[in-house]
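> What follows is the residue order along each chain.
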Amino acid sequence: MGIAVKFFASMRDLMGDDRELDAQIVQQHNIKTVDDIWNYCVEGKERPANVLVAVNMDYVDGTTLVKDGDEVAFFPPVTGG
Amino acid sequence: MGIAVKFFASMRDLMGDDRELDAQIVQQHNIKTVDDIWNYCVEGKERPANVLVAVNMDYVDGTTLVKDGDEVAFFPPVTGG
Amino acid sequence: MSVVILPEAFNPWQLLEDYQQKISELNGKYGATAVFVGTMRDFNEGDNVSQMFLEYYPGMTEKHLEKICTQATADYGLLESLVVHRVGEINPNDPIVLVAVWTAHRKQAFEACREIMEDLKSRAPFWKKEQLNTGKNRWVEKNTKGY
Amino acid sequence: MSVVILPEAFNPWQLLEDYQQKISELNGKYGATAVFVGTMRDFNEGDNVSQMFLEYYPGMTEKHLEKICTQATADYGLLESLVVHRVGEINPNDPIVLVAVWTAHRKQAFEACREIMEDLKSRAPFWKKEQLNTGKNRWVEKNTKGY
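Chains as they are written, first to last, in this note's numbering: chain A, 1059 to 1139; chain B, 1059 to 1139; chain C, 30 to 176; chain D, 30 to 176.
Misleading hints may appear alongside valid ones.
[To be verified] In silico DSSO-like pairs for lysine-lysine, Cα to Cα no more than 27 Å straight-line: (1) Lys-1103/A / Lys-158/D; (2) Lys-92/D / Lys-171/D; (3) Lys-136/C / Lys-51/C; (4) Lys-158/C / Lys-96/D; (5) Lys-136/C / Lys-165/C; (6) Lys-136/C / Lys-136/D; (7) Lys-171/D / Lys-136/C; (8) Lys-96/C / Lys-136/D; (9) Lys-1125/A / Lys-158/D; (10) Lys-92/C / Lys-1064/B; (11) Lys-174/C / Lys-158/C; (12) Lys-51/D / Lys-136/D; (13) Lys-1064/B / Lys-1103/B; (14) Lys-136/D / Lys-165/D; (15) Lys-174/C / Lys-171/D; (16) Lys-58/C / Lys-1064/B; (17) Lys-58/D / Lys-58/C; (18) Lys-1103/A / Lys-1064/A; (19) Lys-165/C / Lys-58/D; (20) Lys-96/D / Lys-51/D; (21) Lys-96/C / Lys-165/C; (22) Lys-51/D / Lys-1064/A; (23) Lys-92/C / Lys-96/D; (24) Lys-92/C / Lys-1125/B; (25) Lys-165/C / Lys-92/C; (26) Lys-96/D / Lys-158/D.
[Claimed, not checked] Partial selection, computed: residues in chain D whose CB lies under 10 Å from chain C: (27) Pro-36; (28) Phe-39; (29) Met-69; (30) Trp-131; (31) Met-146; (32) Asp-148; (33) Lys-158; (34) Leu-161; (35) Asn-162; (36) Lys-174.
[Unchecked claim] Taking beta-carbon pairs under 7 Å as the criterion, some of the chain D residues facing chain C (in silico): (37) Gly-57; (38) Tyr-59; (39) Thr-62; (40) Ala-63.
These aren't lab readings, by the way, just hints derived from the structure by calculation. C-beta atoms are modelled at their ideal positions from N, C-alpha and C, and glycine is treated no differently.
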């Protein structure tokens, strides 16, 4: 299954398309947390403080552990309504 | 012309119909303020603190002076909406 | 700005649709509309209420409502406002009052709508007389607190 | 309780009328309805805006809005709530969001409606991209403050 990584709005413009991190990538890069996913995707660039993170469609912070089958999303401040 | 005195809702049940105080009554009873009108109408009974007063459809207090042609209204706390 | 006293039943949503068409010169200018509708319940203070009579002070009621809206327009920068209030015989589930305001931003809309309703409930000359299921009548003595 | 994500234009007053008919078992129970409608303006931050694209996160957006309404129902004793949000291509003067709540008393209605809107504006996953009259596109970076 792997871990699905999604980007929305201006984050997608910045980061490109959604990605699927397969089990091999997860193991090879020792990906355990949301922060680890971010670091893998941006090659170490710091995550802006206002970027929001969700795992399986619930808000979480960067230290949250991820597991096979999770959906992780990064997105800018919301502007609906 | 005289002074028109109106009562609304439960105040009307208490005080009876609207009244017209003609110039003679006003002079004879030395009616100068809203309080004087109240006292004339109730023969001295104190006005409950929550009774509202309007002169010419604006809220006033009891010391407000009245003059020929004015419309004075007494009514209970409002309960619209 | 519009203040309406109505002796017959009204549909608040239909009135809002009609009113918004009348203010179409504001299309694209307002970003926020806040609306309050007060509806007659079939119970009050533990009793079943079968009907209600709503008395008002013709002349002063309109004058006071217009004053409230003028003040709110100045305080909150309202682009438009509408107040409709029912009078006379009212049945459960009938709308009693409609307050609507149009502004550029939501903060002003929320605050103005609530402010107008609170002033209306505490100062506009309306009085409710309830008819209970028991056949007894009673004047409502005061409104519930809004804040 | 109902949460709706809509890819096409809607008439908030018509939706309210329809929804109230659907919840007719509450007739006589609610005394207060508070409504907020957010509408697309034709200007923002000093620029003329000709169109907007509203992106969302299918799945999470609905889940989050339902969570907001469930929370407000518990906090304010809501009898009913309705949230409708437009997505996709939006033109000036189109309604974007509708929030409506039904309660026994007005205090709870006003506060719940505002609370739902504030949470929606600050936490629900929606993003606006504005197309300016100049042809330029830009993501809106943040919402205005609501309190």
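> Of all the hints given earlier, name the ones this structure violates by number, lowest first.
4, 5, 9, 14, 15, 16, 17, 21, 22, 23, 25, 27, 28, 32, 33, 34 and 35
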